[in-house]
Amino acid sequence: DVKVTQSSRYLVKRTGEKVFLECVQDMDHENMFWYRQDPGLGLRLIYFSYDVKMKEKGDIPEGYSVSREKKERFSLILESASTNQTSMYLCASSLGQTRETQYFGPGTRLLVL
Amino acid sequence: GESVGLHLPTLSVQEGDNSIINCAYSNSASDYFIWYKQESGKGPQFIIDIRSNMDKRQGQRVTVLLNKTVKHLSLQIAATQPGDSAVYFCAEIRGSARQLTFGSGTQLTVLP
Numbered sequence: 001d002v003k004v005t006q007s008s009r010y011l012v013k014r015t016g017e018k019v020f021l022e023c024v025q026d027m028d029h030e031n032m033f034w035y036r037q038d039p040g041l042g043l044r045l046i047y048f049s050y051d052v053k054m055k056e057k058g059d060i061p062e063g064y065s066v067s068r069e070k071k072e073r074f075s076l077i078l079e080s081a082s083t084n085q086t087s088m089y090l091c092a093s094s095l096g097q098t099r100e101t102q103y104f105g106p107g108t109r110l111l112v113l
Numbered sequence: 001g002e003s004v005g006l007h008l009p010t011l012s013v014q015e016g017d018n019s020i021i022n023c024a025y026s027n028s029a030s031d032y033f034i035w036y037k038q039e040s041g042k043g044p045q046f047i048i049d050i051r052s053n054m055d056k057r058q059g060q061r062v063t064v065l066l067n068k069t070v071k072h073l074s075l076q077i078a079a080t081q082p083g084d085s086a087v088y089f090c091a092e093i094r095g096s097a098r099q100l101t102f103g104s105g106t107q108l109t110v111l112p
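Protein chains in written order, with our numbering: chain S, 1 to 113; chain E, 1 to 112.
Take these hints with a grain of salt, some might be off.
Claimed, not checked - Straight-line C-alpha distance at most 25 angstroms; calculated DMTMM-like pairs for lysine to aspartate or glutamate:
id, chain 1, residue 1, chain 2, residue 2
1, S, K70, S, D38
2, S, K3, E, D84
3, E, K42, S, D38
4, S, K3, S, E69
5, E, K42, S, D28
6, S, K3, E, E39
7, E, K42, S, E72
8, S, K55, S, D26
9, E, K68, S, E100
10, E, K56, S, E100
11, S, K57, E, D31
12, E, K71, S, E100
13, E, K42, S, E30
14, S, K18, S, E100
15, S, K3, E, D49
16, E, K42, S, D59
Said to hold, decoys possible - Selected chain S positions facing chain E (in silico; Cβ < 8 angstroms):
id, residue
17, F48
18, L90
19, Y103
20, F104
21, G105
Said to hold, decoys possible - Away from chain S, derived, C-beta distances all over 10 angstroms, residues of chain E:
id, residue
22, G16
23, D55
24, A79
In case anyone wonders, no lab produced these hints; they're calculated from the structure.
None of the values given here were measured: they were computed from a predicted structure.
In this text, a Cβ means the ideal position worked out from N, Cα and C, and glycines have one as well.
Generate coordinates for the entire structure from the input sequences, incorporating the hints supplied.
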């Protein structure tokens with residue numbers, strides 16, 4: 001079974017703090033993704049990566065950055081957290097090429113005060 | 001029970017009945033679709049997928065139907081069980097970057 005893990009289930013941070021969300025997958029997947037999920041808005045893609053050190057902006061990259069130094073790990077960084085970044089953050093991975101099904105982690109619920 | 005499009009966010013069905021969750025997609029060039037199930041407090045879980053060269057695919061208790069003419073996708077769950085209560089999302093692959101676009105989801109509630 002594919003396993004995608006996220007470093008925290010719940011986080012509480014203050015406005016202006018730098019926040020790191022970590023995601024690790026154990027299936028040697030090429031592609032990794034970060035989404036945020038908000039009521040009524042569904043899942044929105046923040047960033048994705050199709051290879052080590054490669055990244056692409058998704059639909060809502062503003063206020064976020066990412067890092068992929070190793071194939072199995074994809075980090076989402078909030079340089080200066082703001083209250084409108086309070087959300088559920090979901091990481092996903094996929095094998096790539098024609099194997100496009102994305103497998104999700106359990107999510108990190110972030111509250112920015 | 002049956003829902004229409006992504007604008008009906010809830011669907012309630014009796015345990016044992018069949019459920020039909022519908023989804024309208026926007027991009028006629030989309031060629032791959034996935035249904036996910038998300039239980040409370042968990043990440044989305046893959047249920048079933050279908051490519052645009054098919055119009056029907058069956059899994060265990062689930063069937064996905066694709067109507068490309070009207071850009072419509074449906075998920076049928078047979079003999080709905082309490083454990084099927086969750087939010088169900090359809091997602092389509094779009095663009096050369098092969099990104100997934102998700103619908104807003106339908107909350108399925110199974111009544112005893």
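task: Sort out whether D31 of chain E lies within 25 angstroms of K57 of chain S, counting only the CA atoms.
output: The hint holds at about 22 angstroms.
message: Need the status of pair K42 of chain E, E72 of chain S: alpha-carbon distance at most 25 angstroms?
response: Holds, because 21 angstroms separates the two Cα atoms, which is no more than 25 angstroms.
- request: Please work out if K3 of chain S and D49 of chain E have their alpha carbons no farther apart than 25 angstroms.
  value: Holds: K3 of chain S and D49 of chain E sit about 19 angstroms apart, inside 25 angstroms.
query: Looking at G16 of chain E again, its CB stays over 10 angstroms from all of chain S?
result: holds, 29 angstroms
field: Least C-beta distance between D55 of chain E and chain S, which was stated to exceed 10 angstroms
entry: holds, 19 angstroms
query: Are F104 of chain S and chain E close enough, Cβ to Cβ, to be under 8 angstroms, as the hint says?
result: Result: holds, 4 angstroms to nearest chain E Cβ.
task: For the pair we were handed, K3 of chain S and D84 of chain E, check the Cα-Cα distance against 25 angstroms.
output: holds, 22 angstroms
task: Grab the minimum beta-carbon distance between A79 of chain E and chain S and tell me whether it stays above 10 angstroms.
output: Label holds. Min Cβ-Cβ 25 angstroms, cutoff 10 angstroms.
message: Please check whether G105 of chain S passes as an interface residue: C-beta within 8 angstroms of a C-beta belonging to chain E.
response: holds, 5 angstroms
task: May I ask you to test the interface hint for F48 of chain S with respect to chain E, counting a Cβ-Cβ separation under 8 angstroms as satisfied?
output: Where the cut-off is 8 angstroms and the nearest Cβ of chain E is about 7 angstroms from F48 of chain S, the hint holds.
Y103 of chain S as chain E interface residue, shortest Cβ-Cβ below 8 angstroms: holds, 6 angstroms
- prompt: Does E100 of chain S lie within 25 angstroms of K71 of chain E when you go C-alpha to C-alpha?
  reply: holds, 20 angstroms
Violated hints, listed in ascending order, are 1, 14; each of the other numbered hints is respected by the structure.
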